[in-house]
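Asker: Mapping to my numbering: the sequence shown position 85 is 68, numbers consecutive.
Every clue listed holds true.
In silico lysine to aspartate or glutamate, EDC-like type, Cα no more than 16 Å apart, as pairs:
hint, residue 1, residue 2
1, Lys309, Glu225
2, Lys395, Glu356
3, Lys370, Glu252
4, Lys374, Glu362
5, Lys281, Glu302
6, Lys76, Glu41
Across the chosen pairs, the derived CB separations fall in these ranges:
hint, residue 1, residue 2, range
7, Leu291, Gln409, 41 to 51 Å
8, Asp198, Glu252, 34 to 44 Å
9, Asn408, Glu41, 29 to 39 Å
10, Ser52, Ser144, 30 to 40 Å
Honestly, the hints are just simulated from the structure, not real lab data. Keep in mind that this is a model prediction, so the values were computed, not measured. Beta carbons: idealized from backbone N, C-alpha and C, even for Gly.
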Amino acid sequence: MMQELEIMETNPKFTSSSSHFTPDHVFLYLYFTPSIFLSFVSLQKITPNYSASIQLVELHLPDTPELPSHHHTTNGLPPHLNSTLQRTLNRAKPDLSNVLETIKPDLVIYDVFQSWTAALTATHNIPAVIFTIASVTNIAYFCHSFVKPGLEFPFPAIYLSDFEEAKAQIAAEDARANVNENDPASERPNRFCDSIMLVRSSREIDGKYMDYLSDIRNLKIMPVGTLFPEPADDDQDDKNTELIQWLGTKSKHSTVFIAFGSEYFLTKEEMEEMAFALELSGVNFIWAVRFPQGQRIKPEKALPEEFLERTGDRGRIVEGWAPQAKILGHPSIGGFISHSGWSSILESMVLGVPIINMPMHSDQPFNARLVVEIGAGVEVVRDTNGKFDRKVIAEVIKNVVVEKMGGNLRGKIREVSEKIKLKENQEFDEAVDMLTELVMKNNHPSN
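From just these sequences and the hints, can you work out the full model?
Answerer: Structure below.
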């Protein structure tokens, strides 16, 4: 009989998205803020068979005027508060230390927002493994810039424009401002943390970037697959039912789905350019429109005057959350206009839908260029001022949905999808075996 393992995770994506990581001998502690807990419970249904093996542990952060409790998550967090959230998370070390002392898990899986975790767990003699839900391509690019400053990244398909480079410099300065060099817990290297990295991806997508990152950082990179959960049953929602029924009246591959994720909100100018582009393209569309928390804005007020009247039955506007997996999996969908967030890209790849990339910030430009490199989509290129132009957007939409290019892209992304699915269980199982071995070596060092 295998020893029972207790695993603590600060990023719920790894274990909660997979239906095959909760065998009888594994007990999970999910450690995150109440704000994340609320969204997690509403979106991810924990299988009853596994609920007894999962315990939620709250991460208590101070509720301050500059960062109230509903902002203790990146979901819906205004960009200017990112550094504030990072500083606040850095104050959680005593709380985590107490939790570790109480729970005494065999392993901790943590994400980049708590980069100090491994140094802290080492003081408790507990191994910790980093898990990233960001693109490995992005991590490889920035690690290269630190390890080999002044040398060009050896993969020319992956780059930053001048506009994106300027934004990246600002983000890097913010990140440096949040590191306390006098705090030992900020030091990452130790015998546990800098040897293994779990990545939400497949070697079929970005294997060469995994190899390069492994080489320059002396890391063992373990892909765990896409962790794509089964779509939730939304049939009880009348709005979703009507939406899917409407989609069923459209021709195959004739419709685009537009969504920019939960952490980016289009400016008024960007929203207008997108709206006019949809008009110019002449294709059917479903557009998930979101606004920052607390802003009570009706979509029709944010869109160009009489936009809804002019597009008529050709389009649907969804306010807030939309059943993305169900929409993307529908045969009427011919393309996905996305902000190039990694989760959305993986979802689109698994479902075989060509991606029209409109990257906004952080790792998204790298994701977009990776998609283009492997032939799974195209990118809408900004102008010299870093702006999106309606005519350019419309032309790209038509190329993907109407022209021959769309058929070629669909063929390529279906090929990628099939390869990912073939490797999914194998890659995940290899990662689980590696974690089990790590724990056993730590618990029985003489063996």
